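Colleague: Chains as they are written, first to last, in our numbering: chain S, 1 to 358; chain Z, 1 to 522.
Everything labelled a hint here was simulated from the structure, so no lab data went into it.
All values reported here derive from a predicted model rather than from experimental measurement.
Mixed in with the good hints there might be a few duds.
[Unchecked claim] Over the 10 Å line for every Cβ pair with chain Z, so calculated as not near, a few chain S residues: (1) E34; (2) T198; (3) Q337.
[Claimed, not checked] Partial selection, computed: residues in chain S whose CB lies under 8 Å from chain Z: (4) L12; (5) R37; (6) I38; (7) E40; (8) Y185; (9) D191.
We put the beta carbon where it would ideally sit given N, CA and C, even for glycine.
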Amino acid sequence: MKPSASASRKLLRLALLVGALLALYLVAVAKQDERQRIRERPVTLTPGCEEKLARYQLAAGDIYVSPYILERTGRRIVKQGYSEEDVRAIQRGCNIIDDLQGQRAADPAGERWNATRFVRGTHTSCNHCHQGIGDKQTADGTPQIGSLSLAASWAMADMYDRFTGLLLPYELRQMQCYINSSNGYKPNIADDLIRDVTAYSRFLAAVLDLRFGNRYPEQGIDEIPVSSTLKRGDDYVRGNALYQQRCAHCHGPQGFGTVVDGKVIYPAVAGPNAFNLQSRNNFAFVSTILPGFICRNMPPGEEGSLSNQDCRDIAFYISNLPRPAGDRQGPLMALWQQLMMRVMPPLIRFFDNGDSRP
Amino acid sequence: MITGALAPRRLGEFGNELLIGLTLAIVVLPQAIAFSTTLAGLPPYLGIYGAIWGVLLTALLNPSRVFHGGPNTAMCAAMGVTLLPVAPQFGADYVGYALTLILMAGLIQTAFLLIRPLGRALDFVSEPVVNGMICGIGLYLIFRSFPAFAGLPINTQVEWRLWISWQTFLASLEIGNIHAINIGVITLLVTVVLRQFAAIRNLAILFGIAAGTLYSEFINARYGLANTLVEQIADLSSMGFVYPSVPLFSQEAMPDIISIIPGAITLALLGLFQTVIAMRRMNRKSGQFVDSRHGIFADSVSNCLLPFLSSLPTCASFNRMSLMHDMKTRSRLAAVLSAVILLALVSFFGDLIAIIPIPAMAAIIMVLGAAMIQWSDIRPHFQHRAEAIVFFGSFASVHLFGLFGAVICGSLLALAYAKWEKAHPSIHLEGNVLRVRGNIYYGSLPLIESLYHQAHARFDELVVDFSAVHHIDPEGIRWLAEISKNDKVHLADRRSGHERRTEQREPHSQQTRTDRRRRRDF
Chain S
1 MKPSASASRK
11 LLRLALLVGA
21 LLALYLVAVA
31 KQDERQRIRE
41 RPVTLTPGCE
51 EKLARYQLAA
61 GDIYVSPYIL
71 ERTGRRIVKQ
81 GYSEEDVRAI
91 QRGCNIIDDL
101 QGQRAADPAG
111 ERWNATRFVR
121 GTHTSCNHCH
131 QGIGDKQTAD
141 GTPQIGSLSL
151 AASWAMADMY
161 DRFTGLLLPY
171 ELRQMQCYIN
181 SSNGYKPNIA
191 DDLIRDVTAY
201 SRFLAAVLDL
211 RFGNRYPEQG
221 IDEIPVSSTL
231 KRGDDYVRGN
241 ALYQQRCAHC
251 HGPQGFGTVV
261 DGKVIYPAVA
271 GPNAFNLQSR
281 NNFAFVSTIL
291 PGFICRNMPP
301 GEEGSLSNQD
311 CRDIAFYISN
321 LPRPAGDRQG
331 PLMALWQQLM
341 MRVMPPLIRF
351 FDNGDSRP
Chain Z
1 MITGALAPRR
11 LGEFGNELLI
21 GLTLAIVVLP
31 QAIAFSTTLA
41 GLPPYLGIYG
51 AIWGVLLTAL
61 LNPSRVFHGG
71 PNTAMCAAMG
81 VTLLPVAPQF
91 GADYVGYALT
101 LILMAGLIQT
111 AFLLIRPLGR
121 ALDFVSEPVV
131 NGMICGIGLY
141 LIFRSFPAFA
151 GLPINTQVEW
161 RLWISWQTFL
171 ASLEIGNIHA
181 INIGVITLLV
191 TVVLRQFAAI
201 RNLAILFGIA
211 AGTLYSEFIN
221 ARYGLANTLV
231 EQIADLSSMG
241 FVYPSVPLFS
251 QEAMPDIISI
261 IPGAITLALL
271 GLFQTVIAMR
281 RMNRKSGQFV
291 DSRHGIFADS
301 VSNCLLPFLS
311 SLPTCASFNR
321 MSLMHDMKTR
331 SRLAAVLSAV
341 ILLALVSFFG
351 DLIAIIPIPA
361 MAAIIMVLGA
371 AMIQWSDIRP
381 HFQHRAEAIV
391 FFGSFASVHL
401 FGLFGAVICG
411 SLLALAYAKW
421 EKAHPSIHLE
431 GNVLRVRGNI
441 YYGSLPLIES
451 LYHQAHARFD
461 ELVVDFSAVH
471 HIDPEGIRWL
481 AEISKNDKVH
491 LADRRSGHER
501 RTEQREPHSQ
511 QTRTDRRRRR
521 DF
């Protein structure tokens with residue numbers, strides 16, 4: 001009696017195990033099929049992407065001739081064309097850069113490959129730093145200097161990370177964006193999220209006819225070290241004044257950004273939705289990147305109107321505003337920053353308003 | 001003594017030892033490769049040399065009959081976690097740092113050997129702490145294997161919190177290589193099913209890997225390796241008898257080496273804990289008593305030597321030792337033979353080993369991770385609330401604070417639990433007699449004093465009976481001295497058997513001391 005009871009229990013356990021395993025396998029097959037369907041279905045472009053890709057005449061074909069180069073130089077440079085599959089990948093990549101969190105998509109999770117999983121907060125989008133959907137140009141169509149152009153970034157191909165000394169392929173550099181700039185987690189290197197952005201960046205490089213191994217002015221950030229100022233030191237008070245004068249109109253008096261109908265119009269530069277303390281945007285961590293970005297890209301439409309010293313002061317001020325702690329700073333620091341972000345701003349608002357009250 | 005324990009008594013016994021050695025070699029081979037590649041992020045030869053030299057050294061240095069060293073799951077996982085932020089995996093620098101890490105761990109273990117109280121401190125890690133950690137590591141192994149199982153590149157994620165593990169699991173489902181998943185599932189199914197049959201339980205892993213490899217060869221032949229993209233174990237044809245190596249110690253590497261010191265401490269402690277606990281268990285099962293200091297000695301010496309032999313660190317292996325015990329080994333020859341046979345296997349069948357697919361390895365790691373969570377081991381902890389809390393604390397801390405944090409957290413919990421138990425002696429007031437059983441020490445004094453003061457207020461004459469107290473610390477002695485000055489209070493302390501029988505009480509000063517402990521006269 002006893003051995004058969006234990007044998008049947010064993011059999012039941014085995015059946016459960018095998019059943020669970022097969023169920024997981026079926027889930028995996030179903031999920032992969034779903035991904036494949038998304039890969040094959042036509043892409044609904046965001047307004048920005050629609051305009052940009054129409055301007056660059058992206059279409060499937062055996063050859064691709066860049067209208068941008070043709071118009072500016074008169075040269076007809078013939079490149080290898082794109083398949084239907086390539087075109088969809090490029091379109092999805094453009095959508096991801098323009099609207100990472102899918103706030104303008106009908107099916108945010110499907111159309112953006114669950115990008116929200118890898119981002120904390122509701123504001124972050126690639127387009128905030130890589131402006132002009134990764135291809136920022138001046139009024140006459142010249143690529144903007146120091147605009148973190150994705151095309152030039154792709155042309156740089158594999159680079160050595162200046163902080164860790166590791167060789168980083170373009171995919172790994174994208175993965176670092178999610179941690180260093182968006183306060184999030186790394187997607188897997190084989191994820192469509194990474195592949196599509198790579199496809200889009202390659203396409204932009206083909207459009208602008210950028211070549212491997214070259215250095216372009218729109219590549220990365222035109223960093224502003226102390227040596228490019230009069231060395232008066234970085235001034236927090238002056239930064240505050242300049243911020244309120246030039247930036248607060250869009251980013252808000254406390255840097256919390258502007259959101260209308262659940263869509264981010266201007267991103268937060270402070271508070272829970274902003275980059276974290278260990279981000280390379282943080283002035284205390286790397287003091288040349290954020291000033292460089294501000295000087296070349298801010299305020300939109302009036303780029304170049306701030307002096308180097310202005311940019312350093314503003315960056316210094318912004319970086320001292322409360323923001324999330326980095327993942328490796330430990331729970332105490334995280335708690336402290338949460339307190340600073342959630343409790344301090346209402347207090348400040350209360351006292352600021354108190355002055356104007358009768 | 002060493003030769004005595006090494007040599008079997010009869011030829012028939014030698015045959016049995018040979019069989020055990022062969023089984024062990026076959027069991028340890030996939031483990032060695034899987035631990036070094038998917039857990040530690042090191043080339044497979046380190047695991048194999050670890051399974052040869054680590055096993056050989058510990059077998060020669062440790063007098064225990066039932067002992068099998070070699071690469072270990074938890075230690076390899078700790079190495080992977082420690083070294084991930086330092087250098088890219090599988091690179092030359094990474095191997096150098098790994099060897100330095102092993103050497104540092106070996107030196108720390110030597111400190112445990114030389115400083116006796118440190119070695120004794122290892123005994124203070126209670127069973128629930130260890131079981132909690134083992135279960136935590138088991139769960140971690142399962143999650144950690146998902147990317148390799150699904151043929152995805154391992155995300156160089158420094159943290160391994162459950163949240164990120166969950167994301168990795170989702171990624172495996174959604175973007176995994178379906179060929180790799182098929183190989184993994186076949187390996188998993190074959191292994192899990194065969195493990196249910198007692199007769200071939202020990203060979204289940206081998207059959208699983210064989211099935212996975214056969215399927216991998218089939219799809220590679222059908223679709224081509226370029227289309228299936230299934231990763232395989234590297235070529236082992238260059239493996240020889242010994243491969244000398246030197247740990248990385250250079251000026252530029254110093255900041256990184258300093259940053260991995262906590263990892264080295266974790267590694268040393270993980271190894272020693274497992275060795276001490278495995279030896280304690282085997283002592284109870286086999287009836288042979290071997291002091292755990294012999295195990296510490298063998299481990300520390302081996303781990304100081306292994307980084308110079310391109311080997312992973314060694315410590316006792318629970319699964320292989322229980323296998324040895326089940327097969328009734330009688331001498332240390334079985335462990336020695338397993339190392340020699342493994343060397344022969346690698347030398348002559350290297351080409352076959354090279355085609356084993358990585359997803360099959362990951363599936364094996366999952367099985368081993370699940371096997372670490374043994375319901376029969378953890379069930380007793382749920383019958384006692386404090387033990388259950390310690391178990392869960394230790395289990396959770398593996399995932400919340402990492403392995404090093406778990407060692408610290410678990411030990412603190414175990415100590416706190418022991419102190420808490422001691423701080424609650426049984427105190428009864430029977431008439432005007434206050435009986436104390438347990439310990440009188442700084443932790444329990446507040447409870448005792450509270451009842452004493454209540455009783456003191458109620459009775460004109462109070463007897464404090466501490467004859468059943470087995471430990472009094474200096475603070476307790478001072479308190480007893482203080483209350484003995486009170487005329488209302490009489491102390492009834494421990495009496496010898498002779499005194500009990502004759503019921504005669506001598507005056508305190510004339511009492512002959514039979515107790516070894518020094519006690520101050522009140």
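Colleague: Does each hint hold? Answer for all of them.
Modeller: Comparing the hints with the structure gives:
In this structure E34(S) is not separated from chain Z by more than 10 Å, as the shortest Cβ-Cβ distance comes to only about 8 Å. Against the 10 Å criterion, T198(S) stays outside the reach of chain Z, whose nearest CB is about 14 Å from its own CB. Look at Q337(S): its CB is around 18 Å from the nearest CB on chain Z, clear of 10 Å, so calling it non-interface holds up. A least Cβ separation of about 11 Å between L12(S) and chain Z goes past the 8 Å threshold, and the interface hint is therefore violated.
Given hint, R37(S) at the interface with chain Z, is violated; its Cβ is 12 Å from that chain's nearest Cβ, farther than 8 Å. Among the interface hints, the one on I38(S) is violated; its C-beta lies about 10 Å from the nearest C-beta in chain Z, farther than the 8 Å criterion. Residue-level restraint check for E40(S) is violated (minimum Cβ-Cβ distance to chain Z is 16 Å; threshold 8 Å). Taking 8 Å as the C-beta contact cut-off toward chain Z, the hint placing Y185(S) at the interface holds, the least distance being around 6 Å.
Taking 8 Å as the C-beta cut-off, the interface hint given for D191(S) holds, the closest approach to chain Z being about 6 Å.
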